[in-house]
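Participant: So you can see what is in the structure, the chains are spelled out below.
There are 2 protein chains.
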Amino acid sequence: MAQRRPARVGDPVGAIETPALVVDLGPFERNLDRMAQATRGIRLRPHAKSHKCAEIARMQIARGAVGICCQKTDEAEAFVAAGIHDVLVTNEVVAPAKLARLAALARSATIGVLVDSPTLVPLLGAVAARESAVLDVYAEVDVGAHRCGVAPGPPALALAEAIAREPSLRFRGLHAYQGAAQHLRAPAERRAAIAAAARDAQATRELIEGAGIDCDIVTGAGTGTWQLERDLGVCNELQPGSYVFMDADYLRNVADASELRFEPSLFVVAGVMSTPTHDRAIVDAGLKAFSFDSGLPQVHGRSGVDYVKASDEHGVLRIPDSGTPLALDERVWLVPGHCDPTVNLYDFIVAVRDGTVAAVWPVEARGALG
Amino acid sequence: MAQRRPARVGDPVGAIETPALVVDLGPFERNLDRMAQATRGIRLRPHAKSHKCAEIARMQIARGAVGICCQKTDEAEAFVAAGIHDVLVTNEVVAPAKLARLAALARSATIGVLVDSPTLVPLLGAVAARESAVLDVYAEVDVGAHRCGVAPGPPALALAEAIAREPSLRFRGLHAYQGAAQHLRAPAERRAAIAAAARDAQATRELIEGAGIDCDIVTGAGTGTWQLERDLGVCNELQPGSYVFMDADYLRNVADASELRFEPSLFVVAGVMSTPTHDRAIVDAGLKAFSFDSGLPQVHGRSGVDYVKASDEHGVLRIPDSGTPLALDERVWLVPGHCDPTVNLYDFIVAVRDGTVAAVWPVEARGALG
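Respectively, the protein sequence lines represent chains L and H. Going by this note's numbering, the first sequence runs without a break in its numbering and finishes at 376. Going by this note's numbering, the second sequence runs without a break in its numbering and finishes at 376.
Rather than coming from a laboratory, the hints here were simulated on the basis of the structure. All figures in this text were calculated on a predicted structure; none of them were measured in a lab. Beta carbons are placed, not taken as given, at the ideal position from N, Cα and C, and that holds for glycine. Check before you lean on any hint, since a few could be wrong.
[What the hints assert, rightly or not] Sample of chain H residues facing chain L (criterion: CB under 8 angstroms; computed from the structure):
#1 K78
#2 G150
#3 C154
#4 G159
#5 M279
#6 S280
#7 H284
#8 G307
#9 D346
#10 G361
#11 L375
Pulled out of the complex, with its shape left as it was, chain L reads as follows (with noise of 0.2 angstroms):
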């Protein structure tokens, strides 16, 4: 059930078998020089959601971030065994099994873990102490996305004080993450959204730490986002993810001119395998290569070339009157819309530099649905 290794080391570009998701690894570490030099002086939480990789945590921990944030159990899980020993779950987990597991990966690493009821409080800290481990764990607040999340203020105290009882639990802050805010087109609407969930986690702190208990992190952000709330101050703790490879969404957001630019640096290499007529080819990339919740990936570097089409093992290119057809076995290079969901679809990373295979990294959590 692994997918075959598509290139070794050294290999040429061109012997890359496809379709295979390609870092390249110029831009890949601008963006990670950039994030890393933007971000001195506040925790750097980067979100492996987006890369599922060790390799690239580690990459990311050795610039100076803090730790890694993850969205599931199963992903903590990998990451721990690839010696990552720092995860906070940024999410919500209920089920007994799951969070026994969590509290046994807390024997040997930090563990952070959301919470949004305090019913489920005494469930966590009752699970913890029977793994004889502690589990650092946040109050997540909706600051406005309306997915999960108390209401700011009191509310969020109340839940602050069930978590500090447990004496198997630490209560180390507040998750507020505007999610709805990451991909709002306009930078105007962008820090609107931001600035007033940066005054809901304020109140909701000052409230806390009235009544007695540390509320030492705020953590949030995204890559639509971090410049806002590393600004503002309120949060204390960043956790874009996607900066890393970026992809077609991101890049259609408009930009200030004071924002801090990400290139591209993720692609999915696919092979020409039909050019049945002159303003058509097809690739051997389709519905199962991507993921196209975020609309169409899009043609790298073939000027007037836009892929129009999926089905799911096909991707069709229009070609213009003017353009150069495209030969049978060609690779072409291709943007995804989003990238967290189209990485998962990967086994494998295939790292290059200067038209060379340079590494090949296992996505260590593809697929850690759990």
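Fit chain H to the given chain L structure using the hints.
Facilitator: Frame of chain L; chain H shown alone:
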């Protein structure tokens, strides 16, 4: 990188770890039986790209299927390794390394592949000869889908002649799949598209046989149209795949009273992880647990509750004012919008009967992209 096995045989369905891909054996076996019965007297070669699972292929063959279809070399290898001995790759394969792998398979199994470019035929013949194998080759004809395929008539004849000249290739016939007709909503539209496709296929077959080349097989059809192809009598081999599971998209199709109905048998069982408000519950299955190319999943067995929004690892359910609230860790059964790319996200299918786990099947060709 393999997923956790989400259940054990004998577990009650409530113990399945979420999210999991689950087949309900009652409707599933009825679907298999209905198709087997309705295609007596015609070759049924179900498409395994839908299920990617050798156990399901064995069940189809045990009910009379002549073999299976795949779309990828990697899929063909996975199925042959699992003991399936007749596989048609309904796709163009052009990379020499993949052709060599296909030809190697053909030493121990019946392996077919499509071609739509005469220039590729000598390479195909040379690779098969080098592997001391004989490949079955079909000319793909564009009968209206405008994806791959040569035009009907003389271009298809020229292709058949090129194939027939190669001693290590066996020309078997035409691949005439009208993929674009499968998802047309109205039966009359599907009927018109398939009638036109059948006319093109029939005329092409007569042209080829008139030139003295045997053209035994015309293969095609899918879950949206197979009854039409069966009744028209031009296709003598049918390739439906999705009928085993059905999905929300196929279930939305308007059916003639005369059309055979299949039942939804495939579900993603998700767990409720947050119940932040009376009208909203959050499940642990989002963009990495379903393919969203054909719309949102449908909630099964919970009248009035809708899956309204997905992010990477979250699904948002809307609960009507009159509805029963969902509980934390409660299971929600969801019908995927599109079965094929959803199955590709899972390493296991949990087969259940009467509320108990009857089997856990590996998805051998999960991720078989190459």
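Participant: Now, for every hint given, state plainly whether the structure supports it.
Facilitator: Hint check results:
no.	hint	result
1	K78	holds, 6 angstroms
2	G150	violated, 13 angstroms
3	C154	holds, 4 angstroms
4	G159	violated, 14 angstroms
5	M279	holds, 4 angstroms
6	S280	holds, 4 angstroms
7	H284	violated, 13 angstroms
8	G307	violated, 20 angstroms
9	D346	holds, 5 angstroms
10	G361	violated, 19 angstroms
11	L375	holds, 5 angstroms
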